[in-house]
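Student: Here is how the chains run, residue by residue.
2 protein chains.
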Amino acid sequence: MDVQKKGWFSEVHDLWPGITLSLEINNVLYKRRSKYQDILVVETKAHGKMLVLDGVIQCTERDEFSYQESIAFLPLCSHPNPENVLIIGGGDGGVAREVAKHPGVKRITQVEIDEYVLEAARLHLPFMSIGLSDPKVDLQVGDGFQYMKNHTNEFDVIITDSCDPVGPATCLFEESYFRLMRTALKPGGIICSQSGTAWANLDHVSQTLSNCRSMFPVASYCIVSVPTYPTGQIGFVLGSLNTSTDFKEPVQKFSEKELDDMKIRYYSADVHRAAFVLPRFVAKELLIDNKILS
Amino acid sequence: MDVQKKGWFSEVHDLWPGITLSLEINNVLYKRRSKYQDILVVETKAHGKMLVLDGVIQCTERDEFSYQESIAFLPLCSHPNPENVLIIGGGDGGVAREVAKHPGVKRITQVEIDEYVLEAARLHLPFMSIGLSDPKVDLQVGDGFQYMKNHTNEFDVIITDSCDPVGPATCLFEESYFRLMRTALKPGGIICSQSGTAWANLDHVSQTLSNCRSMFPVASYCIVSVPTYPTGQIGFVLGSLNTSTDFKEPVQKFSEKELDDMKIRYYSADVHRAAFVLPRFVAKELLIDNKILS
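Quick mapping for you: the protein sequence lines, in order, are chains A and B. Each residue of the first sequence is one higher than the one before, counting from 1 in UniProt numbering. Each residue of the second sequence is one higher than the one before, counting from 1 in UniProt numbering.
Okay, chain A solo, but in the shape it has when bound:
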């Protein structure tokens, strides 16, 4: 039954014990131990180029668009006027690429802690790193946690594109981080954070949503399909300082032509709404009213 052979990358992690996704590799393009993590870029056989941090798949060329479009447009389209956006993490550039597409966004500040993730992306992942050089983007190498301590009342939307809640990224899921984001936001501001998968780690999701709820009057969780993430999904926690925000109903809806022009392949207003429809067992655990569309 053991058909794994040399030449495959396998993602093994304590967050999803007893199950692992493997991709066949043509060659290794980049491999470096930075101050923060192991960085690996490989060319896969069937999924294009792939970025791996500390052994965990961050994105593949074939399916990264569903993640990047969603983490960008779910919060942006929930805000009536998202002019000034802060991205924490996201060093590959994919999130900046999508945020920059939104016509209402005027300025994007991005704070990535690891300069070698930026290097790896610029060298080998141009389809994402193109976002880093967008004229709207002010890219800074530093600690997002520290950055926000020095910035208050400044951003309309804060997007956290982080690793999973183990190791160096743990602090990005805690209550203190949601407090910092709250003070860095302007009135009515909105946050969106990568928050793991409900099928594998419902306890983590529940804790992160609870931390968000303790700091934001409106908070929710939604799910998006990303085949090369564990369980084939990723979830996002969203919070708003505007008590009239209804995350499941976007305030900005683009036409099909506008979406085509922006080269959007996954997101639409309907995909936005559907992302907040949770399976019963998830809705019950998170104490979210399941009757979203009725």
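Hints were generated in silico from the structure; no laboratory data involved. Among the clues, some could well be false.
Pairwise CB distance ranges, derived in the manner of DEER restraints [to be verified]:
| hint | chain 1 | residue 1 | chain 2 | residue 2 | range |
| --- | --- | --- | --- | --- | --- |
| 1 | A | 27 | B | 38 | 33 to 39 Å |
| 2 | A | 284 | B | 143 | 37 to 43 Å |
| 3 | B | 15 | A | 61 | 18 to 24 Å |
| 4 | B | 33 | A | 123 | 47 to 53 Å |
Ideal Cβ placement from N, Cα and C applies to all residues, glycine included.
With chain A held as given, fit chain B onto it using these hints.
Tutor: Same frame as chain A, now just chain B:
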């Protein structure tokens, strides 16, 4: 990078080249080559018991409910009075278990071709095979294709719970099969067939939907989350002889209490609606209007 070890089952298949899901195995419970296929039941380390046919994961104890509930309730709740149901395949019993829960269903005929799948399920997968002994179920061992040739104008709903469109199940995705189902249905009848995953095999999905469209005046495709299926999803093609059927709006909606009483963990009316919201790249390929909920 090759961390796969002995004691893991890896699902390798030409339908999803270059990528494979592996589950750690505690022990093998059943292993037999039948006339039709290799049948394997194993106890996994983290996903309970797992049924594998010809090397392809059919279901794990941990996540099978989303598949079974969906393939049952999506068509049943699209029909105003689904009294008489035919299940083709589904030898593990999980689909029958869910169909039998629907209070409007009076009679379930199930035709499974492989008696040893039934044996494996009865011996080792009681949480699913319980469906086979439901008093509503008339279980027959035989070829569903042949069965339908002898039955016309008989069923309200036909559910096809088959393997993937390679090998012996290929015929269950072809136009001739949809023609047979059309004649086996009563007026206004509805069909639902397992139809693969859009991320990995959009060409197959498109062909199956096209075959359905050629025989049914109303046809659609929807997507459901199943973490241990390739890309973490499975899709269903649905067809209706009732030209007023709108698959994205269930005609039967159960209350939260009714769903609780039926021990439904995934499906709800909102999950039903959201299942028909397709990512843009899928909707475009399948020529389905993306504006479903607007």
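Student: Next step is simple, just say for each hint if it's right about the structure.
Tutor: Now for the hints, and whether the structure bears them out:
no.: 1; hint: A:27 with B:38: 33 to 39 Å; result: 34 Å, holds
no.: 2; hint: A:284 with B:143: 37 to 43 Å; result: 41 Å, holds
no.: 3; hint: B:15 with A:61: 18 to 24 Å; result: 20 Å, holds
no.: 4; hint: B:33 with A:123: 47 to 53 Å; result: 50 Å, holds
In terms of the numbered hints stated before, the structure departs from none.
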